[in-house]
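2 protein chains.
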Amino acid sequence: MDSKTYPFTHDPAQQISGLGECILLEHICNWLGDTTPIAPAGIGDDCAVMELDATQKTCITTDAISYGQHFDATVTPFEAGVKLIHRNLSDLAAMGAQPQSAVLTLLSGPDLALAWLKAFFKGVRSACVAHTLKIVGGDLSTLPAGQFSASLTLLGSCKRPLLRQNASIGDWLYTTGTLGGSILGKHFRFDPRLAEGQWFAAQDACRAMMDLTDGLGKDLQVLLPNDSSAAIDLNSIPIDEAAQAFGLQTGKPALQHAFCDGEDYELLLAVAADADCGRFETCWQAEFPNLRLSRIGQIISKHPAGVFIEKESGASIPWTYGYEHWKRDV
Amino acid sequence: MDSKTYPFTHDPAQQISGLGECILLEHICNWLGDTTPIAPAGIGDDCAVMELDATQKTCITTDAISYGQHFDATVTPFEAGVKLIHRNLSDLAAMGAQPQSAVLTLLSGPDLALAWLKAFFKGVRSACVAHTLKIVGGDLSTLPAGQFSASLTLLGSCKRPLLRQNASIGDWLYTTGTLGGSILGKHFRFDPRLAEGQWFAAQDACRAMMDLTDGLGKDLQVLLPNDSSAAIDLNSIPIDEAAQAFGLQTGKPALQHAFCDGEDYELLLAVAADADCGRFETCWQAEFPNLRLSRIGQIISKHPAGVFIEKESGASIPWTYGYEHWKRDV
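Protein sequences, first through last, are from chains C and S. Take the first sequence: its position 304, counting from 1, is numbered 304 in my numbering, and each next residue is one higher. Take the second sequence: its position 183, counting from 1, is numbered 183 in my numbering, and each next residue is one higher.
If we strip away everything but chain C, and leave its shape as in the complex, we get (with noise of 0.2 angstroms):
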């Protein structure tokens, strides 16, 4: 009798790849039953909030990055350094958390150049600097031959925290920056919206928040409150060059772009329907001059036509949709 365990199997109907990411994340918080709090106390928001004492929160995140997955070799070391950086602390900006502490913990083939992880970590440090967060801890450990991960642990503090989970019917829904076509470029040079989540979270008019890591299309459902949709003014949102020179690649609209590619890294928002939101712009305008907020409409009831809706003539939109991690990389 063979008592071995192989942890992987031949057959698609048995293996993880099947699932797609939601599905697998519902099955692990399920196995984990108790061992894992609801959020934001445990999974399901940007961070992970832990109470302090009254007035302050430790917010944790973690992200990794894999070669042949989130990078390859047209990537600089420099630039893959960058971006495990950046990825968690687009996390930490979602909740309007300020940075502190992380650890790093890479998993590498033996074969991995000496200069190739010296250049990674210029890049790793190039980061940190900027954004004053201190890499406290970490962990090496094995792979075979020809494979690369690292993956980031990060900590940061905040007053209030911004949770997906507090949006309601009437609130408008904001945008920074500009989305879509991230692939020709902004994933490896975005900026993560650190000061801008920290002005959001300071603001009382500011009910929800979340990063766009996998599009607006796939993400602003997640921000949406039950038995709701999106009216949503086409004309509003910010479509990135990108998006338009992509489109020109795939045949498809910038705005279909703009709404289903992932890593835009921008925030998505909800204020509240009472809010004032000229002044809420002015005010945004007067603080960071430089990158565009877009009001690109309002959550409403749960409207037959679906969960996106053109604002003006009430029709479906279609891209409902963003990039799953899981099942396009396998």
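Don't read these hints as lab results, they were simulated from the structure. It is possible that part of the hints are untrue.
For chains that are exact copies, the list does not tell them apart, and a pair is met inside one copy or across any two.
Taking lysine to aspartate or glutamate and the DMTMM-like style, the derived pairs with C-alpha atoms no more than 25 angstroms apart in a straight line are [to be verified]:
{"hint": "1", "residue 1": "118", "residue 2": "26"}
{"hint": "2", "residue 1": "311", "residue 2": "281"}
{"hint": "3", "residue 1": "4", "residue 2": "191"}
{"hint": "4", "residue 1": "122", "residue 2": "191"}
{"hint": "5", "residue 1": "218", "residue 2": "310"}
{"hint": "6", "residue 1": "122", "residue 2": "11"}
{"hint": "7", "residue 1": "159", "residue 2": "274"}
{"hint": "8", "residue 1": "57", "residue 2": "204"}
{"hint": "9", "residue 1": "159", "residue 2": "53"}
{"hint": "10", "residue 1": "218", "residue 2": "312"}
{"hint": "11", "residue 1": "159", "residue 2": "51"}
{"hint": "12", "residue 1": "134", "residue 2": "51"}
{"hint": "13", "residue 1": "134", "residue 2": "53"}
{"hint": "14", "residue 1": "134", "residue 2": "26"}
{"hint": "15", "residue 1": "122", "residue 2": "26"}
{"hint": "16", "residue 1": "122", "residue 2": "72"}
{"hint": "17", "residue 1": "122", "residue 2": "34"}
{"hint": "18", "residue 1": "311", "residue 2": "11"}
{"hint": "19", "residue 1": "122", "residue 2": "21"}
{"hint": "20", "residue 1": "302", "residue 2": "274"}
{"hint": "21", "residue 1": "134", "residue 2": "21"}
Since the structure of chain C is already known, use the hints to place chain S on it.
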């Protein structure tokens, strides 16, 4: 011109595997510069320590397990899940900290079997429940087929962490439990010494502590202050029965296995020279009647014969090495 930057190299002289873990870690600390604080605030102890306020500190540690490196198909997925949690808890134990929250990163090939992963999480959950630890977040990332790694970052709290660096000449050396031969089974069945670590941290007489992961022969050198040696009573070394059994297989003395085998996950500590050792040991027995505590020697001024000296004869003890992950595995 090829503008691509491949992370891997066929030239052994340029591969990280030639360096050994300690040298690689030195490089990384140099590359990070000011971005990594000195221990205990940064890299260098079992955990990094962050001061929250005058009375409470947060300890953070991270550790990964990989299929093919830390376990293979002879290990059940349940055992692998338990080990991931216990390895990290042992680092908290080594500071005298209480477990609080953790985030878990999975890096896996698409062909991972769902049933295997479910059993892995059963192990994770079991260990978390036993130690009132919460999994508050995580990350899912893909690797090529046939690969599985899991990385945990763990937070704990403590009032007075016991560091590695506070031992002095004259201090008594103690270890918990028994040493050696862990590879025959204990490395998957050990109990992290959390209650014991917390008890030591509450004793004024305890000066420095660490967990034994790479073998007494390597780890004890970390605890010794500069210009010191350890005078060891070889008769007091608590040799595990497994070290005897393993010695019969390898033809090496059981005592060598007690010094040089990795993964004991026992605690090594320095107790103040002027402590009442008899009283200390009596209190220990009352608190932990089922776990052996061995006074194995004393820290002395640097001895001409070497770093480890036989207490009675002054002869050199040759077992001044242990397990080095990076080198052995590659």
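Do the hints match the structure? See the list:
Within a single copy, residue 118 and residue 26 get their C-alpha atoms only as close as 38 angstroms, which misses the 25 angstroms cut-off; across copies the closest is 12 angstroms, which meets it. Only within a single protomer do residue 311 and residue 281 lie at most 25 angstroms apart by alpha-carbon distance; the minimum there is 20 angstroms, versus 76 angstroms between protomers. Proximity of residue 4 to residue 191 under the C-alpha cut-off of 25 angstroms is restricted to the inter-copy arrangement: shortest distance 24 angstroms between copies versus 47 angstroms within a copy. In the homo-oligomer, the alpha carbons of residue 122 and residue 191 lie at most 25 angstroms apart inside one protomer (17 angstroms), although the nearest pairing across protomers, at 39 angstroms, exceeds that limit.
In this homomeric assembly, residue 218 and residue 310 come within 25 angstroms of each other (Cα to Cα) only inside a single copy, at 17 angstroms, whereas the closest approach across copies is 67 angstroms. With identical chains, the CA atoms of residue 122 and residue 11 are at most 25 angstroms apart between copies only, with a shortest distance of 22 angstroms across copies and 43 angstroms within one. In this homomeric assembly, residue 159 and residue 274 come within 25 angstroms of each other (Cα to Cα) only inside a single copy, at 23 angstroms, whereas the closest approach across copies is 46 angstroms. In this assembly of identical chains, the alpha carbons of residue 57 and residue 204 lie at most 25 angstroms apart only when taken from the same copy (18 angstroms versus 32 angstroms across copies).
In this assembly of identical chains, residue 159 and residue 53 lie within 25 angstroms of each other by CA distance both inside one copy and across copies; the values are 10 angstroms within and 16 angstroms between. Proximity of residue 218 to residue 312 under the C-alpha cut-off of 25 angstroms is restricted to the intra-copy arrangement: shortest distance 22 angstroms within a copy versus 72 angstroms between copies. Taking the shortest Cα distances, residue 159 and residue 51 sit within 25 angstroms of each other both inside one copy (10 angstroms) and across copies (18 angstroms). In this homomeric assembly, residue 134 and residue 51 come within 25 angstroms of each other (Cα to Cα) both inside a single copy, at 21 angstroms, and across copies, at 14 angstroms.
Taking the shortest Cα distances, residue 134 and residue 53 sit within 25 angstroms of each other both inside one copy (23 angstroms) and across copies (18 angstroms). In this assembly of identical chains, the alpha carbons of residue 134 and residue 26 lie at most 25 angstroms apart only when taken from different copies (17 angstroms versus 33 angstroms within one copy). Taking CA atoms no more than 25 angstroms apart as the test, residue 122 paired with residue 26 passes between copies only; the shortest distance there is 15 angstroms, against 37 angstroms inside one copy. Taking identical chains as interchangeable, the C-alpha atoms of residue 122 and residue 72 lie at most 25 angstroms apart only when both belong to the same chain, with a minimum of 18 angstroms there against 35 angstroms between chains.
Proximity of residue 122 and residue 34 under a CA criterion of 25 angstroms is satisfied inter-copy only: 12 angstroms between copies versus 41 angstroms inside one chain copy. Taking identical chains as interchangeable, the C-alpha atoms of residue 311 and residue 11 are never at most 25 angstroms apart, the minima being 47 angstroms within one chain and 61 angstroms between chains. For a Cα distance limit of 25 angstroms, the shortest separation of residue 122 from residue 21 across copies, 20 angstroms, qualifies, whereas the shortest one inside one copy, 32 angstroms, does not. In this assembly of identical chains, residue 302 and residue 274 lie within 25 angstroms of each other by CA distance solely inside one copy; the values are 20 angstroms within and 74 angstroms between copies.
Taking the closest pair of Cα atoms, residue 134 and residue 21 come within 25 angstroms of each other only across two copies (22 angstroms); inside a single copy the shortest separation is 31 angstroms, beyond that limit.
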